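One-letter residues, chain by chain:
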Amino acid sequence: MTHMPANSSAPAQMRGLSEEWRAALTGSVASISLTFLVVVAVGWFWVGPKFLSFGNISIIGTFAIVPLVVGAFAGFALLAGVVDLSIGSMVGFSSAVFALLLSFGWDPASAAAVTLLLCLLFGGINALAIVGFGAEPIAATLGMLVALRGISWVLLGSQGSIFAFNIDLFNLVSTTVFGLPLFFLLAVVLTLVAAIIVSKTRLGRHVQAVGGDDKAADRAGISVKKVRVAALLLSSFGAGLGGIIYAAQLGSAARATGFGLEFQVYAALMIGGYSILRGGVGNPLGGALGLLAVAGVSNILDLQAISPYYVNIIVGLLLLAAVLLDRLRGGDAFE
Amino acid sequence: MSVDHALDTAPAAAPLKVRFGGFGNALLLLGIWLALIIATSLYRPDFLSHQTLLAVTFTMAVVGVLAIGQGIVAMSGGFIDLSQPANLIMSSLVAVRLTEAGLPLPLVIVGAILAGMVWGAVNATIIVFARLNPVIVTLATNFIGLAALFLVFQLAEVPIGSAIYQFGRASIFGLPAIFWPMLALVLVVGYLVPRTRYGRRMIAVGGNRTAAKARGISLRVTRYATFMVAGGFVGFAAVLFAATSGPFNPGSANALQLNIIASVILAGISLSGGRGNFWMLLLSVGFLSTLPTSLVFFGLSSDTQSIFQGFILVIAVAIDGWRARKATP
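From first to last, the protein sequence lines are chains A and B. According to this note's numbering, the stretch in the first sequence is residues 2 to 336, in order. According to this note's numbering, the stretch in the second sequence is residues 173 to 501, in order.
No lab work stands behind these hints: they were computed from the structure. Note that the structure is a prediction, hence the values are computed from the model and not measured. Cβ coordinates follow ideal geometry from the N, Cα and C atoms, glycine included. It is possible that part of the hints are untrue.
Here's a subset of chain B near chain A, in silico, CB distances under 10 Å, partners left out [claimed, not checked]: (1) 203; (2) 318; (3) 395; (4) 397; (5) 401.
Simulated crosslink set (DSS-like; lysine-lysine; CA at most 27 Å straight-line) [as the list claims (entries may be wrong)]: (6) B:498 with A:51; (7) A:201 with A:216; (8) A:227 with A:216; (9) A:201 with A:227; (10) B:498 with A:226; (11) B:498 with A:227; (12) A:226 with A:201; (13) A:216 with A:226.
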């Protein structure tokens with residue numbers, strides 16, 4: 002990771018600015034922006050103007066809320082070089098706990114607080130295994146994925162679902178502002194905040210440094226362990242939030258909630274420029290565009306009444322293309 | 173990933189300690205497995221029955237053969253093959269279609285193995301020529317493969333009464349017929365890998381690819397060989413799967429994936445490559461296949477099985493990481 006030296010003289014700043022522009026035009030955010038625009042153009046020409054109508058964007062936005070929230074937080078773990086595969090079943094676990102507490106008659110605020118604390122606890126176990134013992138992140142969080150799925154299914158009981166409809170919560174998550182879902186706009190704001198943290202603050206540079214080269218970061222006096230623990234906790238917190246939003250949207254939690262979400266989110270994040278194997282690359286903006294591009298593709302196929310399985314084929318091909326592009330741009334080559 | 177100095181630091185000098193360490197692992201795993209069996213039979217004496225033995229060995233068969241494939245990929249430094257579910261279903265579909273076409277069982281087996289090897293070759297081609305990491309490549313091919321399979325078929329089943337159907341229900345020496353090929357394969361692979369040139373090359377590439385390349389071993393050929401051989405094992409596992417599963421759909425193999433990865437790691441086959449003994453798979457697969465039956469005898473729902481499996485994997489990986497950290501200066 003090379004950083005612009007803090008220099009106050011005007012020419013240097015100009016040069017820094019143009020370099021930043023060049024990086025922006027050739028970097029990962031540029032290619033995902035292009036992919037995103039291609040998806041929008043295909044939607045416009047194929048589906049017609051209704052693809053970009055407020056109604057349709059609302060539909061895409063409503064489905065994109067949870068992936069955007071989960072992706073914004075999970076991106077920190079990817080940046081720090083510790084992929085967290087357990088997010089999918091963490092979402093399911095969170096929705097199950099939240100729905101269960103609501104069905105006991107708890108008020109939503111304390112139910113949400115307890116749910117998030119439990120998610121942080123399991124995120125802490127991930128952190129203990131990975132940072133404390135040096136476990137391989139993919140394998141350790143794969144174990145956590147299965148364990149949490151088991152716990153959620155036990156919580157959901159023999160029925161396989163918990164009904165917990167709360168009219169106030171439902172109204173809250175269904176609120177629209179300027180014709181768009183409020184929570185979708187909040188997820189966009191969250192993405193922007195995360196992008197600013199990553200690219201403009203010391204904390205963000207530390208996370209990137211740890212993911213890029215942990216030994217160099219350690220020599221530079223950054224606590225690699227603290228950053229990675231924090232990143233894993235953030236990732237489980239984001240998944241916890243996602244599960245609560247799902248439970249509020251659906252009015253229930255079920256076995257299928259969050260199932261397979263981790264692969265969908267990470268495929269989209271990698272299309273957006275993150276890497277699950279190499280920290281220090283990617284940006285929340287690119288990640289969000291990746292998620293929206295995938296959401297756009299599935300919306301187009303949906304409107305054209307084409308089998309949803311084609312979405313996975315397209316996502317898989319886009320994923321290969323994106324990692325190949327990343328490698329050609331100077332990413333790690335395998336062997 | 174710090175694999176590049178393992179071979180340089182640990183050749184010939186420390187074989188005794190390594191061998192003893194491996195032996196200790198085997199005893200530990202055997203001890204845990206026996207403890208599980210003893211605890212369950214103290215709680216429910218009827219656990220020790222021929223019925224339980226049948227259930228455990230039946231589960232071991234498919235998982236064991238798939239674990240050999242996964243172990244080959246891991247040991248050779250390919251880290252992990254996430255596309256095993258798609259390959260298994262694809263090869264099973266080939267087995268079903270060939271049986272429906274009236275081919276005899278030996279040809280069906282050859283066909284399924286070839287199908288699995290072709291799948292492995294596709295993975296290897298992308299990995300070698302695009303120079304992309306196997307984890308991401310196999311994640312993507314699994315995505316694409318399963319979706320494509322869903323477009324091709326919804327439900328498939330070997331014809332009832334066919335040779336492969338009867339093979340899946342036959343028993344030899346009081347155990348399921350499908351158990352014996354798995355046992356034989358684990359024993360043979362475990363014997364051959366450290367004792368043949370090809371096996372040692374595979375371990376060398378997994379331990380330290382730079383040093384292996386410097387000694388004239390082609391990484392490309394190794395990648396093709398390991399992924400195709402591993403794919404062939406998935407193809408053979410597909411025969412056992414198709415013979416025993418009854419009607420299956422493209423999603424039917426997803427639940428196997430974690431069990432296999434857990435078996436490989438518990439067996440001490442390092443995901444960072446170059447380390448491990450295939451014989452240990454018998455213990456890890458045996459233990460993980462006994463667990464579900466034990467939990468049923470303890471009166472726990474089958475959902476709790478995932479909780480135990482998941483946390484066992486987390487603990488195993490943590491121990492694996494702890495050892496690797498102590499081993500590297």
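Structure-based check of each hint:
1. 203: At about 21 Å, which exceeds the 10 Å cut-off, the nearest Cβ of chain A leaves the hint on residue 203 of chain B violated.
2. 318: Hint holds; residue 318 of chain B Cβ to chain A Cβ min 7 Å, cut 10 Å.
3. 395: Hint on residue 395 of chain B: holds, closest Cβ of chain A at ~7 Å, below 10 Å.
4. 397: Violated, about 14 Å.
5. 401: violated, 18 Å
6. B:498 with A:51: violated, 60 Å
7. A:201 with A:216: This hinted pair holds, its Cα atoms lying about 23 Å apart.
8. A:227 with A:216: holds, 14 Å
9. A:201 with A:227: Given that 27 Å is the threshold and the Cα spacing comes to 20 Å, the pair holds.
10. B:498 with A:226: Judged against 27 Å, a Cα distance of about 17 Å means the pair holds.
11. B:498 with A:227: holds, 21 Å
12. A:226 with A:201: Satisfied, since the Cα-Cα distance of roughly 22 Å is no more than 27 Å.
13. A:216 with A:226: This hinted pair holds, its Cα atoms lying about 11 Å apart.
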